[in-house]
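Residue numbers (this note's numbering), protein chains in the order written: chain G, 1 to 111; chain R, 112 to 223.
Hints may contain errors.
[As the list claims (entries may be wrong)] Here are the simulated lysine-lysine pairs, DSS-like style, with alpha carbons at most 25 Å apart:
(1) G:42 / G:78
(2) R:128 / G:98
(3) G:58 / G:42
(4) G:98 / G:57
(5) R:149 / G:42
(6) G:69 / G:57
(7) G:58 / R:163
(8) R:128 / R:149
(9) G:98 / G:42
(10) G:42 / R:155
(11) G:42 / G:59
(12) G:58 / G:78
(13) G:110 / G:78
(14) R:128 / R:155
(15) G:98 / R:149
Hints are computed from structural coordinates only; laboratory data are not their basis.
Keep in mind it's a predicted model, so treat the numbers as computed, not measured.
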Amino acid sequence: ILNVEQSPQSLHVQEGDSTNFTCSFPSSNFYALHWYRWETAKSPEALFVMTLNGDEKKKGRISATLNTKEGYSYLYIKGSQPEDSATYLCASKAAGNKLTFGGGTRVLVKP
Amino acid sequence: DAMVIQNPRYQVTQFGKPVTLSCSQTLNHNVMYWYQQKSSQAPKLLFHYYDKDFNNEADTPDNFQSRRPNTSFCFLDIRSPGLGDAAMYLCATSTGTGYEQYFGPGTRLTVT
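Whole structure, please, built from the sequences with the hints as guidance.
And the structure:
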């Protein structure tokens, strides 16, 4: 994988349901993986920065896992609420390189 | 609250008419970034400053320039905007390259 890729590009979730989506990134020379949440008309907001293989981080109902050997990270939203509606961006940094963003997963939580 | 501010939030300019977007920060961070994001695409880094050191991405067009007169302010100058430059422009800061970035709300540029 040469680029950072996120899938799906968008998803609709019923309020109360849980969901997850993927970020794939180059595993060679991996340094860090960032997740950001970007709500409409607001600034992208950092959720997690992960560096170690097997890292799991949690903030409220949102959690993320990291597999640096195979080059992927999952973001999980448990019991989705309308306020979780946003675009979720991941970004990968290789050693000595800039942060490279994926195209984002747009999440819409339906009441 | 410490933050990253971008002005204006929406900017309309004419084809070929120079335009400047501004970013300011109260975080006292060393690094300031400018990203361009087109619809549903990944934010693309244009350049960044580490303190006064300017770092241009290889594929950033010459049409895009930047100034950082002091720690707090950074400007993006588009010398001759084309229709393809219509995008969301995001400014971000961090304490160092590779660290968590703090974003402004972006400026959406329209070129007519």
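Going down the list of hints, with the structure as the test:
1. Restraint check: the Cα-Cα separation between residue 42 of chain G and residue 78 of chain G comes to about 23 Å, which is no more than 25 Å; the hinted pair holds.
2. For the suggested pair residue 128 of chain R and residue 98 of chain G, the alpha carbons sit about 31 Å apart, so the restraint of at most 25 Å is broken.
3. Of the supplied pair hints, the one linking residue 58 of chain G and residue 42 of chain G holds, its CA atoms being roughly 22 Å apart against a limit of 25 Å.
4. At most 25 Å may separate the alpha-carbon atoms for a hinted pair to count; residue 98 of chain G and residue 57 of chain G meet this at roughly 23 Å.
5. With a CA separation close to 16 Å, the supplied pair residue 149 of chain R and residue 42 of chain G stays within the 25 Å bound.
6. Between the alpha carbons of residue 69 of chain G and residue 57 of chain G the distance comes to roughly 18 Å, so the proposed pair stays at or under 25 Å and holds.
7. With a CA separation close to 36 Å, the supplied pair residue 58 of chain G and residue 163 of chain R exceeds the 25 Å bound.
8. Pair hint residue 128 of chain R plus residue 149 of chain R holds up; C-alpha atoms about 20 Å apart against a cutoff of 25 Å.
9. Between the alpha carbons of residue 98 of chain G and residue 42 of chain G the distance comes to roughly 24 Å, so the proposed pair stays at or under 25 Å and holds.
10. Distance check on the hinted pair: residue 42 of chain G and residue 155 of chain R sit about 18 Å apart at the alpha-carbon level, within 25 Å; holds.
11. Between residue 42 of chain G and residue 59 of chain G the CA atoms are separated by roughly 19 Å; this keeps the pair inside 25 Å, and the hint holds.
12. The hinted pair formed by residue 58 of chain G and residue 78 of chain G meets the criterion: a straight-line CA distance of about 11 Å does not exceed 25 Å.
13. For the hint pairing residue 110 of chain G with residue 78 of chain G, the CA-to-CA distance comes to about 14 Å; that is within 25 Å, so the pair holds.
14. Restraint check for residue 128 of chain R and residue 155 of chain R: satisfied, since their Cα atoms lie roughly 23 Å apart, inside the 25 Å limit.
15. Annotation: proposed proximity of residue 98 of chain G to residue 149 of chain R holds, straight-line Cα distance about 19 Å (limit 25 Å).
In terms of the numbered hints stated before, the structure departs from hints 2, 7, listed from lowest to highest.
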